[in-house]
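The numbering used here puts the first residue of the sequence shown at 301, with every later residue one more than the last.
Hint data in this document are derived by calculation from the structure and do not stem from the laboratory. Please note: incorrect hints may appear among the correct ones.
Unchecked claim - Between beta-carbon pairs, the in silico distance windows are: (1) Tyr557 to Gly432: 17 to 25 Å; (2) Ala478 to Pro423: 48 to 56 Å; (3) Thr390 to Phe556: 25 to 33 Å.
Every residue gets a Cβ at the ideal spot worked out from N, C-alpha and C, and that includes glycine.
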Amino acid sequence: MPEFLLQTIFNASYAASYMALIAVGLVLIFGVMGVINFAHGDLYMVGSYAVVFLYAGFGLPFLVAVAAGLIFVGLLGILMEIALFRPLRTNPLGGLIASIGFLLMLQSLVVLGFGLRNQHIPPVSQGGITIGGAFLTYERLGVIVAAVVLLGSLWLFLKRSKFGWALRACAQDREAAALQGISINQTARYAMFIGAGLAGVAGAMTAPLVSPTPFMGHTVIVTAFIIIIVGGIGSLEGAVVAAILYAFVHTFVTTFYDGVVANIVGLLLMLAVLVVKPQGLFGVRERA
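The task is simple: from the sequences and hints, build the whole structure.
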C-alpha cells in the first residue's frame with residue numbers, strides 16, 4: 301500500500317506540473333491584457349503537434365522539438381495579440397469570441413495537416429527512477445523539472461527585471477502604467493509570448509505521454525479555468541497552488557474510485573471554494 305500511495309503522489313505531481321504551466325500562462329495573459337483567451341488550450345495542443353512534427357516526423361532531438369514548440373507557440377501568441385486582442389482591447393467579449401474563432405481555425409489546420417487520429421510518439425526514454433518501490437519515468441520527471449525551472453524563472457523575471465515590473469504594473473492598473481511611460485502594446489506582447497509559450501512547452505513536454513489529438517485542448521481549457529477560479533483570478537501564486545490541489549484531488553479520486561467522479565469532485569471543489577471565498581484562495585476582494 302505505501303508503494304501504491306507513493307506512485308499516486310508521483311502521478312499527481314506530474315499532473316500538477318503541466319497544469320500549473322498552462323494555468324499560470326492563462327492567468328498572466330488575463331492579468332496583463334484583461335482578456336479571456338479561450339484558445340489557450342489549443343495553444344497547448346499546438347505545442348504537442350510541434351513535437352509530433354519535429355521529433356516523431358523529422359527525428360530531431362526531443363529537447364530541440366520542445367524548444368521549437370515553445371518559441372513557435374509564443375510567436376503564435378504575439379500574432380494573436382496583434383491581430384485579435386489589440387483591435388478589441390476595449391471589447392473583452394469581442395476578444396473572447398475572437399479567441400474561440402481562432403481555436404476553431406487551429407483545430408481545422410491541424411486536422412488538415414495531421415488528420416483526426418491520435419498521434420503516437422516514440423518514447424523519449426525507457427528508463428526512470430525508483431523510490432520506495434514507486435516508479436517515475438524520466439519523461440514525467442522531465443515535466444516536473446521543466447515546470448519548476450520555468451515557473452521559478454518566471455517568478456524571478458517578474459520580481460527582478462524591468463520588463464517584469466512593467467508586466468506587474470500593467471496587471472495592477474494599465475492606465476496608471478501607461479501614464480508612467482510603460483508601453484501597453486509591448487507589455488501585451490511580452491505577456492502573450494510568455495503565457496502562450498508556457499502552454500506550448502506544457503504540450504510539447506507531455507506529447508509522448510498523451511497521444512495528441514486535434515481536440516485535446518477542450519479538456520485542458522476547462523481544467524485551467526477551474527484552477528484559476530479556485531486559485532483566484534489574476535493570482536499567479538494562486539494558480540500554482542490550485543493546480544497542485546486540483547491535480548492531487550483529481551488523481552487520487554481517479555486512482556481509488558473513477559475518472560468521471562474525479563471530474564465531478566473537481567467541480568465541487570471549485571464550488572466549495574467559491575462559497576467560502578468567492579474571490580478564490582489568493583484572490584483579492586474588490587472594493588465597492
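Against the structure, the hints:
In this structure the supplied range 17 to 25 Å holds for tyrosine 557 paired with glycine 432, their Cβ-Cβ distance being about 23 Å. Taken as a hint, the range 48 to 56 Å holds for the pair alanine 478 and proline 423, whose Cβ atoms sit roughly 49 Å apart. In this structure, threonine 390 and phenylalanine 556 break the distance hint of 25 to 33 Å, their C-beta atoms being roughly 49 Å apart.
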